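Let's have the full structure, built from the sequences with the hints guiding it.
Read top to bottom, the protein sequences are chains E and B.
Per this note's numbering, the very first residue in the first sequence carries number 117; after that it's consecutive.
Per this note's numbering, the very first residue in the second sequence carries number 931; after that it's consecutive.
Read the hints as simulated data drawn from the structure, not as lab findings.
Honestly, I wouldn't trust all of these hints.
Stated by the list, open to error - Between beta-carbon pairs, the in silico distance windows are:
no., chain 1, residue 1, chain 2, residue 2, range
1, E, Ile-223, B, Val-938, 43 to 53 Å
2, B, Gly-937, E, Gly-210, 31 to 41 Å
3, E, Ala-160, B, Phe-963, 24 to 34 Å
4, E, Met-255, B, Ile-1005, 24 to 34 Å
As the list claims (entries may be wrong) - Taking lysine to any residue and the SDA-like style, the derived pairs with C-alpha atoms no more than 25 Å apart in a straight line are:
no., chain 1, residue 1, chain 2, residue 2
5, B, Lys-997, E, Ser-151
6, B, Lys-997, E, Ile-146
7, B, Lys-997, B, Arg-1018
8, B, Lys-1031, B, Ala-1015
9, B, Lys-997, E, Phe-140
10, B, Lys-972, B, Leu-942
11, B, Lys-997, E, Ser-123
12, B, Lys-972, E, Leu-133
13, B, Lys-997, B, Gly-956
14, B, Lys-997, E, Pro-152
15, B, Lys-972, E, Ser-123
16, B, Lys-1031, B, Gly-956
17, B, Lys-972, B, Val-933
18, B, Lys-997, E, Tyr-143
19, B, Lys-972, E, Pro-152
20, B, Lys-1031, B, Ile-943
21, B, Lys-997, E, Gly-154
22, B, Lys-997, B, His-1023
23, B, Lys-997, E, Ala-132
Quick caveat: nothing in here was measured; it's all calculated off a predicted structure.
Don't be surprised by glycine CBs; every beta carbon is placed ideally from N, CA and C.
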Amino acid sequence: MTHKSVSIIILVASRALARVIQLFGIYVIIHGHYSPGGGFQGGALLAAGVILMRMAYGREASQSEVSTGAAIPLASIGALLFAGTGLITLAFGGHYMDYGAVPVPGIEEPIVRYYGILLVEFGIGLAVMTVLVAIFDDMLSVPPEERVEGGAPDESSDPVPVERRNPMTR
Amino acid sequence: MSVLQNGVAGVLIVLGLIIMLVGSIGILRLPDFYTRSHAASKVDTTGIIFLLLGLAVLQGWNLAMVKLMIAVAIIMLANPVAIHALSRAAWMHGERPWMRKKEGED
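In structure tokens, the structure reads:
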């Protein structure tokens, strides 16, 4: 579903850039302990990759990564992962998000803290990514009563009149 | 840190700053959307690339320099495409380029 006014430069460049941006987002999430970054920044980068594809190719692109319907449930799972990891520590007698209190057999306390922080970062990243994609989809979407089968905007629904397209031919 | 490294880095950074200054003046002075976006893309692309190259020379050979070079590569790819998309959208929606007034025309 590409609009006919889209140029090949934008399509190719956004296809190449989206993957690089998402790879960098994963790096920012995983490397958040040691360097600037973390769940929020990495999630925003992951969402930027998806949104870039949808801006270039239309709202049907990148549905296999975050589909429009699954965005809000995935965001809830991310928030649950974030809050639940903190709450589990309360069950073992620690403070909220005091990961060292969780007794994991065979793993020392600093390593447990490491994995606890990583799990929280993943939760935040998932929530931020899907919520940003959901906001973008909401702004793009047409109301249900004006929805056309197939979804492609035809020439008559374009707000710009055809004769205004190319100013040199006027 | 050798004198040569400092000198090359200084020249590159000052060059980037000069390009940024010229581009900023261009944004304020040029007559219409297309020429202004042309000037803005010079600030975004060339100026920042020279600045980052200067910083990379200042760093020497380490991981930070590699990250700066990755940033340079991504800016080289992304910024011209962004300006192209902006100008193309303006063209498609009927923004007319600025032209000199002809003789006898008001």
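Which of the listed hints are not met by the structure? 2, 7, 8, 11, 13, 17, 19, 20 and 22
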